[in-house]
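With chain A held as given, fit chains B and C onto it using these hints.
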Amino acid sequence: MRDAIRLALVVAAKDARAELRSKTALLSATVFGALVLVIFNFARDPTALSATDLAPSALWVTFAFAAMIAMNRAFTVEREHGALDGLLLAPVPRGALFAGKLLANLAFVGIVEAVALPLFILFFNLDLSRVFWGIVGTAILATVGFVAVGTVFGAMTVRTRFAELLLPVLLLPFMVPPLVGAVQVTSRLLADRPLSEMLGWLRILAAYDVVFVTVAALVFSSVVDE
Amino acid sequence: MPSSDGTILHAVGLQRSFGSLRVLRGLDVQVRSGEALVIVGANGAGKTTLLRLLAGLARPSAGEVRVLGARVEPSAPDARRPIGFVSHQSMLYDDLTVAENVTLAARLYGLADPVGAARRALGAVELGDRAEERPARLSRGLLQRASIARALVHDPRLLLLDEPFTGLDGPAAARLTVLLEERLAAGVALVLVTHHLDEAWTLATRVAVLAAGRWALEEPRAGDLAEFLPRYHALANA
Amino acid sequence: MTAPAPASVVSPPTLDRARVVMRRGTIISSIALVGLVVVYVLALGFTPIEAHQGLAQKIFYVHVPAAWSALLGFSLVGIVSVLYLWLHDPRLDRFAASSAEVGLVFAAVMLTTGPIWAKPIWGTWWTWDARLTLTLFLFFLFVGYLSLRAAVHDRHERARFSAVVGIMGMILVPFVHLSVYLFRTLHPQPIVLKPSAPSLPWEMLRTLLISTLVFTVLYVGLVTLRYGIALAADAMEARDAA
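Chains as they are written, first to last, in our numbering: chain A, 763 to 988; chain B, 3 to 240; chain C, 1391 to 1632.
Here chain A stands alone, though its shape is the one from the complex (with noise of 0.2 Å):
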């Protein structure tokens, strides 16, 4: 077991490295979410529409987008030159291999939330001052499961012609639960709700994360092994 996890880290750490070094999926993410945002903010009628009543919205879209881009980059750095090759043939658990692309997906989208929700409290002029650890919370909570399965459809996508519109065309259904779920939690903080209001939400963002991070993992071997 402690195997299995040394074995995880050894993986996100290799990802991580050399994400960092050619930081094209980080970059390409960031400014896409970026300009997401900034798009929504033109395309919204300011008398017509509050920032706070647009503002979870165009967060949690900005997100799932983003996120999209960079989950891409987990397999195709691995379909270069064979290399999930080279993981498969060590003496790697495949339930280690995917904690690990799953740790590194996490990171990366977790840099580009972490990027993009300063950004969206400049645009929409909020005040998160009380809530913004409800916020942060909230978004790791959505985030976790789909990511999750997105590390699982990312593995095999890549291996087809246009990897690039077939995973979100696949993933998209499976982020509207906890996109739902967010926006929902976030509009209430932003309005000051109490938390009563929230519980059910966050039921479902939690449960959501524990099957799907578990069912990932249980099927990302007949993912990866022929």
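Simulated from the structure, these hints should not be mistaken for lab results. Backbone N, C-alpha and C fix where the C-beta goes; we use that ideal spot for every residue, glycine too. Heads up, some of the hints might be wrong.
Stated by the list, open to error - Just the calculated beta-carbon pair ranges, DEER-fashion:
1. Thr204(B) to Ser790(A): 50 to 60 Å
2. Met1626(C) to Gly46(B): 15 to 25 Å
3. Glu221(B) to Ser790(A): 47 to 57 Å
Relative to chain A, chains B and C alone:
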């Protein structure tokens, strides 16, 4: 542990099929310590599939693969420990240096001193001076050597090679042959798939021709290449 | 000790067998289509007109069973996907692909009849009620499933990947349902698609049940026909490879 007769690789009844589509139709493979099995065959005969089964990258539809007595398959990580695999793809990450790539492999195999093992492996293929470069800057021959260093870093008892001579010039091919002979002398078992029979002939202990998913021929190497080639062409194109 | 030959090494499909299956599928589908005409006549001629919604409500007898068939198709894809990862039988994969295609058609029917019904009655083309939303999701999941199949050429891979998507999709459905439920309890919306259940008169219930039965038979017929076509394609490929 190798069995008492030194068998390292023993595969029986290997089949790989999907419904009625049969790629491999029942193959047995046995290679002992210090032996080299050279496999040839036309494209599409199933050579790469066979190698991937032996490496534990794919699961056979029927039959089993055993290395040092342990059953090899994707769900058995430890059984893959004694296996090294050199593909015609380098399996290296472009964003890591050659040294980092080999060190990564050492870490994945749980070696006690990954950096040291990587350095030794790179030294053995005489790549020490280029180790801090990225794979993209290396020629095909050097890339091949890096790939081999990666495969050998954990001291495998079984080495599987998929068309390793492809794209190598004369000196590089000769160097590869020398390296493989060293490994054989050290007791490693070798399975080599190639189109370049002339380069692999002297290495071979046994030669096998794969045609339409079966052994058309599987025998000890005897005589010289010139005698063998006509028989091979007849079988492979049958 | 060698492992016993698993189901993936089955006898090859032949064109004759494929023709038999296709014929069977055509017969069943034809029976169902006749049944559909009967339902049509029943719904228009022998079922009372609903008081509040008028004639437009009649589309309910197509709309609800279509949704049922889509859900049936999807559930079978999910179950068969689990079985495939366990047994690795290519026949299961063939069945799942057939069920997905047929399910897609039924989902499309449901999604087009829904707005046609909703507009004259409620003045709105779409509501996010439970059934419509769920079927919309099924539609997208089917599209994703079939797109992935089209993009993967290796048969082993295609079968495995489809099975993974099928399983994940099956697990997604309860979460969609939960989210819609929670959303609606907080944002009540008109319940478009189900006349109040307790007061559904016998004639309407009868027509609905008959229609559901007919749609199920239609589903079976179409899947059988599609399976036969897939069998024929595999048979020709096997013949060419031999």
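The hints, checked one at a time:
For the hinted restraint 50 to 60 Å between Thr204(B) and Ser790(A), the CB-CB distance of approximately 51 Å keeps it satisfied. Checked against the hint of 15 to 25 Å, the C-beta distance between Met1626(C) and Gly46(B) comes to roughly 19 Å, which is consistent with it. Taken as a hint, the range 47 to 57 Å holds for the pair Glu221(B) and Ser790(A), whose Cβ atoms sit roughly 56 Å apart.
Violated hints are absent here; each numbered hint is respected by the structure.
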